[in-house]
Amino acid sequence: MSKSSTVTVREMPISEVTSATTAGLTIHGETIVISTDDRIEVVDLAERIMAFVKRLRIREGIVSLWSMHTTCTLFINEFQGALVSDMKRFLEQMVARDDEWLHNDPDHSDCDRMNADSHLRALLLGHSLTLQVSGGEVVLGQWQRILLAELDGPRARTLRIQGWGIV
Amino acid sequence: MSKSSTVTVREMPISEVTSATTAGLTIHGETIVISTDDRIEVVDLAERIMAFVKRLRIREGIVSLWSMHTTCTLFINEFQGALVSDMKRFLEQMVARDDEWLHNDPDHSDCDRMNADSHLRALLLGHSLTLQVSGGEVVLGQWQRILLAELDGPRARTLRIQGWGIV
Amino acid sequence: MSKSSTVTVREMPISEVTSATTAGLTIHGETIVISTDDRIEVVDLAERIMAFVKRLRIREGIVSLWSMHTTCTLFINEFQGALVSDMKRFLEQMVARDDEWLHNDPDHSDCDRMNADSHLRALLLGHSLTLQVSGGEVVLGQWQRILLAELDGPRARTLRIQGWGIV
Chain A
1150 MSKSSTVTVR
1160 EMPISEVTSA
1170 TTAGLTIHGE
1180 TIVISTDDRI
1190 EVVDLAERIM
1200 AFVKRLRIRE
1210 GIVSLWSMHT
1220 TCTLFINEFQ
1230 GALVSDMKRF
1240 LEQMVARDDE
1250 WLHNDPDHSD
1260 CDRMNADSHL
1270 RALLLGHSLT
1280 LQVSGGEVVL
1290 GQWQRILLAE
1300 LDGPRARTLR
1310 IQGWGIV
Chain B
1150 MSKSSTVTVR
1160 EMPISEVTSA
1170 TTAGLTIHGE
1180 TIVISTDDRI
1190 EVVDLAERIM
1200 AFVKRLRIRE
1210 GIVSLWSMHT
1220 TCTLFINEFQ
1230 GALVSDMKRF
1240 LEQMVARDDE
1250 WLHNDPDHSD
1260 CDRMNADSHL
1270 RALLLGHSLT
1280 LQVSGGEVVL
1290 GQWQRILLAE
1300 LDGPRARTLR
1310 IQGWGIV
Chain C
1150 MSKSSTVTVR
1160 EMPISEVTSA
1170 TTAGLTIHGE
1180 TIVISTDDRI
1190 EVVDLAERIM
1200 AFVKRLRIRE
1210 GIVSLWSMHT
1220 TCTLFINEFQ
1230 GALVSDMKRF
1240 LEQMVARDDE
1250 WLHNDPDHSD
1260 CDRMNADSHL
1270 RALLLGHSLT
1280 LQVSGGEVVL
1290 GQWQRILLAE
1300 LDGPRARTLR
1310 IQGWGIV
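Residue numbers (this note's numbering), protein chains in the order written: chain A, 1150 to 1316; chain B, 1150 to 1316; chain C, 1150 to 1316.
FYI, nobody ran anything at the bench for these hints, they're computed from the structure. Careful: at least some of the hints might be erroneous.
Across the chosen pairs, the derived CB separations fall in these ranges [what the hints assert, rightly or not]:
#1 C:V1158 to B:V1182: 22 to 32 Å
#2 B:K1203 to C:M1150: 25 to 35 Å
#3 A:R1197 to C:R1197: 26 to 36 Å
#4 A:P1162 to B:Q1242: 43 to 53 Å
#5 A:R1238 to C:Q1242: 13 to 23 Å
#6 A:D1187 to B:V1156: 19 to 29 Å
DSS-like cross-link-like pairs, simulated, lysine-lysine; straight-line CA separation at most 25 Å [claimed, not checked]:
#7 A:K1237 to C:K1237
#8 A:K1237 to B:K1237
#9 C:K1152 to B:K1237
#10 C:K1237 to A:K1152
#11 B:K1237 to C:K1237
#12 B:K1152 to A:K1237
Which bits of chain B does chain C cover? Going by a derived footprint, with three or more residues having C-beta under 8 Å, they are [to be verified]:
#13 1168–1175
#14 1203–1213
#15 1224–1237
Glycine included, C-beta positions come from ideal geometry on N, C-alpha and C.
Working from the sequences, and respecting the hints, build out all of it.
Here it is in structure tokens:
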């Protein structure tokens, strides 16, 4: 069994900005970079995504958010300092960092980040969100925030955001 | 660190019903309300979503379901009384309600619902589903049901449903 | 309380291949079958999905992947033998197979597969993915692979894949 992970190779790198329009429908994509400061960190992206959608000028549609990393996740929850501390503690409880994971064992893995815990915690949260746009704004409840969870930082993380819709 | 959660404010409230059409493509959105009776409860929404899609009269497309709340989730699974009991027990095992969560501590949080467990359980299930529509009906397997998990009821919960497609 | 699970019945079975086009927008769906060999198994679908998208010839768009089963899931992570072993161990730790689940108890359930663990593990991973397409290729990071987790095999599993986009 190979110690290496399978690499995904596109024929062409993803363009910074892409656009396509047909008969009143627009699809627009952009790349954004978020820098994190800690190994585990929760970042509130809601304002940034709301601003992106306003800039797009679509009235009804969807917006897709995609993390380009395996150990950086996207999800919805409330954003409050106390709750963010609880989330970190919860993730640490669910997956022990110092357990004897094979991904951290040089006999079985050529990964030198020792980050099996980060990969397993990512399974719980997921890597993407597909949100609705209505009346020119993102559909979110009063306490809902669009959150990124860095699980193996600090690092610069790339997200791709794609909006679809009718003007 | 603030004890309060960040609030999400749209410029305009979401309309009850929205529609947009361009060159044969229709996007239609509606708001629905589900009332729950227990603190933790699983509700089967499949018939309701299937009826919405039929009413839309799109042939090929997608339908997005969005919970407007942080402690009310949407997911796919089998719907059977015994399994629903197992799901509730599982969620209660994964996150202990009476653990010393900071979100429940008045020194760190101005939330008086004492619902840290509800927020953390929601991380496991997620708040939205994006389903396919084909041949005018939702794409679902024989045992798949579209389920809502109330995690901090009883309450009236608002969902937004958006269908996209070609007639 | 009924011992049976609610069945989902479409009026018409899902067609093997579906297509719709309007004013430059194409929606194309196909059914694919994956055979698994073990009770718990992780299968890398990335090459297959990347090939599907190339065949579609859409430039900007989305691709939706849907598992037609309750105990077969779809998610993103790194694909490496050691990490896959860790994922299986993690799922087995999170939900004990031999716990006294009601879904496995003939007094409460008419299911004879004794697979409560499979249903509960599926809650953690989810049943679908909605990916972006840009520049004619799927948007994936270097280490991201599109993974299927069989949780109650070996079985033949049906997935539905639907691509949307502008040429």
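Hint check:
1. C:V1158 to B:V1182: 22 to 32 Å: At roughly 26 Å between Cβ atoms, V1182 (chain B) and V1158 (chain C) fall inside 22 to 32 Å, so the hint holds.
2. B:K1203 to C:M1150: 25 to 35 Å: 29 Å, holds
3. A:R1197 to C:R1197: 26 to 36 Å: At 34 Å between Cβs, range holds.
4. A:P1162 to B:Q1242: 43 to 53 Å: Holds, at about 44 Å.
5. A:R1238 to C:Q1242: 13 to 23 Å: Given a distance of about 18 Å, which is inside 13 to 23 Å, the answer is holds.
6. A:D1187 to B:V1156: 19 to 29 Å: 25 Å, holds
7. A:K1237 to C:K1237: Holds, because 23 Å separates the two Cα atoms, which is no more than 25 Å.
8. A:K1237 to B:K1237: 23 Å, holds
9. C:K1152 to B:K1237: 17 Å, holds
10. C:K1237 to A:K1152: The hint holds at about 17 Å.
11. B:K1237 to C:K1237: 23 Å, holds
12. B:K1152 to A:K1237: 17 Å, holds
13. 1168–1175: Three-residue rule met by the region 1168–1175 of chain B, so holds; n is 4.
14. 1203–1213: holds (count 4)
15. 1224–1237: Answer holds; 12 residues pass the 8 Å Cβ test.
Figure legend: structure checked against the earlier numbered hints; every hint is met.
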